[in-house]
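Participant: Here are the chains, one letter per residue:
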Amino acid sequence: MGNILEIHDLTKTYPGVIALDNVSINIKKGEVHALVGENGAGKSTLIKTITGASKPDSGKIIFEGKEYPFMTPRLSGDLGIEAIYQEFNLAPSLSVQENIFMGTRINKGIFIDTKALLKKSKEVLDNFNVEIDPLVPVGSLSVAYMQLVEIAKALAKKCKLLIMDEPTAPLTDNEVEILYDLIKTLKEKGVSIIYISHRLDEIFHVCDTVTIMRDGKVVKNCGVNEIDKDQMIYYMVGHTMSEKYPQRNPHFGNKVLEIKDLEGQDNQPSSFYVRAGEILGLAGLVGAGRTELARLIFGADKKSGGDIYINGQKVEINSPKDAISNGIAYVSEDRKNLGVILKFPVSWNITLPILKSISHFGFIDLKKEDEYVCQYKDALRIKTPSVNQLVNNLSGGNQQKVAVAKWLASHSKILILDEPTRGIDVGAKEEIYELINHLTDQGLAIIMISSEMEEIMKMSDRMIVLSEGRITGELSKFEFNQEKILRYASNIVE
Amino acid sequence: MRGKNIYMKSFKNFSKQYFIVYILIILVAFFGIMKPSAFFTGQNFLTILRQSSIMGIASIGMVFVLIAGGIDLGISSLLSMGCIMAAAFMANQHMPLIAAYIFAIVLTTAIDLVTGFIIVKTGIFAMIGTLAMQIILQGVAYLICGGMPIYDISPYATVIAQGKVGFIPVPIIIFAVVILLAALVLNRTYIGRHFYAVGSNAEAARLSGINTQKLQIISYGISGFLAGLAGIIMLGRINSGQPTAGKNMEMDALTAVVLGGVSLAGGEGKISKAVCGVVIIGVLTNGMTILNISEYYQQVIRGAILLIAVCADGIQKIISSKNKRKAAV
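Chains A and B, in that order, are what the protein sequence lines are.
Using this note's numbering, read the first sequence as starting at 1 and increasing by one per residue.
Using this note's numbering, read the second sequence as starting at 1001 and increasing by one per residue.
Calculated directly from the structure, the hints in this document are not laboratory data.
Pairs of lysine-lysine, BS3-like flavour, derived with a Cα cap of 25 Å:
#: 1; chain 1: A; residue 1: K60; chain 2: A; residue 2: K160
#: 2; chain 1: A; residue 1: K115; chain 2: A; residue 2: K158
#: 3; chain 1: A; residue 1: K303; chain 2: A; residue 2: K314
#: 4; chain 1: A; residue 1: K187; chain 2: A; residue 2: K122
#: 5; chain 1: B; residue 1: K1214; chain 2: B; residue 2: K1270
#: 6; chain 1: A; residue 1: K66; chain 2: A; residue 2: K157
#: 7; chain 1: B; residue 1: K1270; chain 2: A; residue 2: K367
#: 8; chain 1: A; residue 1: K302; chain 2: A; residue 2: K255
#: 9; chain 1: A; residue 1: K119; chain 2: A; residue 2: K158
#: 10; chain 1: A; residue 1: K321; chain 2: B; residue 2: K1214
#: 11; chain 1: B; residue 1: K1214; chain 2: A; residue 2: K303
#: 12; chain 1: A; residue 1: K356; chain 2: B; residue 2: K1214
#: 13; chain 1: A; residue 1: K321; chain 2: B; residue 2: K1121
#: 14; chain 1: A; residue 1: K220; chain 2: A; residue 2: K187
#: 15; chain 1: B; residue 1: K1317; chain 2: A; residue 2: K55
#: 16; chain 1: A; residue 1: K356; chain 2: A; residue 2: K368
#: 17; chain 1: B; residue 1: K1317; chain 2: A; residue 2: K336
#: 18; chain 1: B; residue 1: K1121; chain 2: A; residue 2: K303
#: 19; chain 1: A; residue 1: K187; chain 2: A; residue 2: K66
#: 20; chain 1: A; residue 1: K413; chain 2: A; residue 2: K458
#: 21; chain 1: A; residue 1: K302; chain 2: B; residue 2: K1121
#: 22; chain 1: A; residue 1: K368; chain 2: A; residue 2: K321
#: 23; chain 1: A; residue 1: K189; chain 2: A; residue 2: K160
#: 24; chain 1: A; residue 1: K60; chain 2: A; residue 2: K220
#: 25; chain 1: B; residue 1: K1270; chain 2: A; residue 2: K368
#: 26; chain 1: A; residue 1: K356; chain 2: B; residue 2: K1270
#: 27; chain 1: A; residue 1: K28; chain 2: A; residue 2: K157
#: 28; chain 1: A; residue 1: K28; chain 2: A; residue 2: K187
#: 29; chain 1: A; residue 1: K119; chain 2: A; residue 2: K157
#: 30; chain 1: A; residue 1: K302; chain 2: B; residue 2: K1214
One chain only, chain A, in its complex shape (with noise of 0.2 Å):
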């Protein structure tokens, strides 16, 4: 097999940071290759020059064995290459067949020529076993179906290079199957993948090739059976982890939090406590109601039945300034959109909901807030230059920081995290899982919503498992079993 893309010694620097530092990769035709790295690693940079998006300082790129300075957004469109990012690019109020032909037009003198359009987006859709109704607007569909929608329409042109970053991210675990057969598919016609991911497990299980970078070097360039988990993770972050999953000794204490016959839109009454002290995790499928109920819970949707108390006492929480006053904060899983504001300063996202309190007659107290930033971010090493930095500027993991940060500062008593370490590196999870411990101990009663397996089940010391807006079960740390979970979200009655 040939090379598909060869870059040679490719250097990018912004002020201050060099982001790539002469790297050299190769990537096979038909090939999986993973790229993986902690965050500000330069994966992205890599991916914005093959993409065009970036263009580098020096070094050149050799597709299909002609060679290039750089590439053009144009440019890599017409030779092949496509990028699906975490964030869509698609029309929620368009048809799928529509979203896949977006780029590419299939006309009749000036009109859409319909008929050829279902046509070829059922021949597309059918190519890789999936069914979906090109008829129906893609924003009546799952995550999962989109992401499929955004690799249909990858292929749609003719795509000989698909770059994924961070696939599985919005996926639950069955659906990711679904995602690992479409691989498969590509992988036999010859399509050549880069796969970044921060799930290691997944590198291991669809990946031919990897390369891992540091600080903008390749530092190591192998096959995946020639390398195991630890080692991948030592060359990540340049010295080993002790263990991933922090251990701790709990202790519980009263029910700060207890829901009775929760309900609204997307949910079915719902009743669960959490004790000081104490992870509860909550368990499902995308889409099983688990963000919702959170939201119920927060006041940031109309509840329509049902009552909550904190320490035994009935509150009413009608919206999120209710929620926060009674102690409870919530940190979205849509983090840039929801859990901090991009255009503010760290600083500014830190001391938002507290903002009042350390205010004298409406002044705030500078100097009061500054403290409360700099405790913060020492408290949860947040990375930036300056607090005076905007969050659009930080990594993912830095960001998710400064939105958890922010209900640190405003001593919450239940913290709802929601995919608290969705698109975020191994060595910042790790630092998200001491905190959440570190956290309980300090008796914060948290609710964890993730749809990573491995991290709830490692993670919670009591589980509830939903399922289409209904609590299907609950179960308690000894019983806790993969099986059994799945069993419980897809609703499987034993």
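Chain A is fixed; fit chain B onto it per the hints.
Facilitator: Coordinates of chain B only, in the frame set by chain A:
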């Protein structure tokens, strides 16, 4: 080499930050060269500031609404309402001057709070909602006075517009106080920070415990208050209640503040730079009048400046989103 780069960078940042100041300097220099005798006098600069102050006060209200993510095209009619109502209270209700002032301002504030309430609660486009309000209020202003100006007002009504403390005209002092208070609120209070949060990302702000709807409504209230204040100063300047006192003021205010870098997309803007925008419009109006440029040409130029300001805002968005992509290494 590295040190030099840093200086270059901070210089670049500085020039980007205060680009608007350079424009002002260039404009002043231009008119100064063209007609030094008429333009370059201390008296003329005071005149420019005095003439700018009414539009300037109304513009500060616009800044609040824009930062909170809305827009207020109703300020021209609110200004007229402030002017005509204060006059009507004096002429018809025989209210003392101060009471008429207070009632007029309370009224314009209340009206804009209602406008804000409607826009926020129904989720309609602020531009259309406030435009509708502008048309309604213009009609109401005519109805109140039967289309005729009201002359029967207190002789002290001119003090607020034509009076002086020492050599400084009163409206300039009022404008300066408004600027100071507005800057203080936006930069130093939690409410100011909340305005920026709501305008930047309303949903994220709501999830941080901010009552976003209340804040947005308040931003209209502030705009209504300042438009009313501008209206009573206008009453003093023209010494009569005119139903068209604030005509076209909304576009001048919008031009000024967008020129001053207040983003139409919300969440961004500084009082200091917005004031620069106001002064630029003032200098331009004054300079063009001194150069005897006809009213028709002036209108063309005003429109062109609004277009340029809005384009610059849009282009800046594009550039910053490019930088965003660059920065996310």
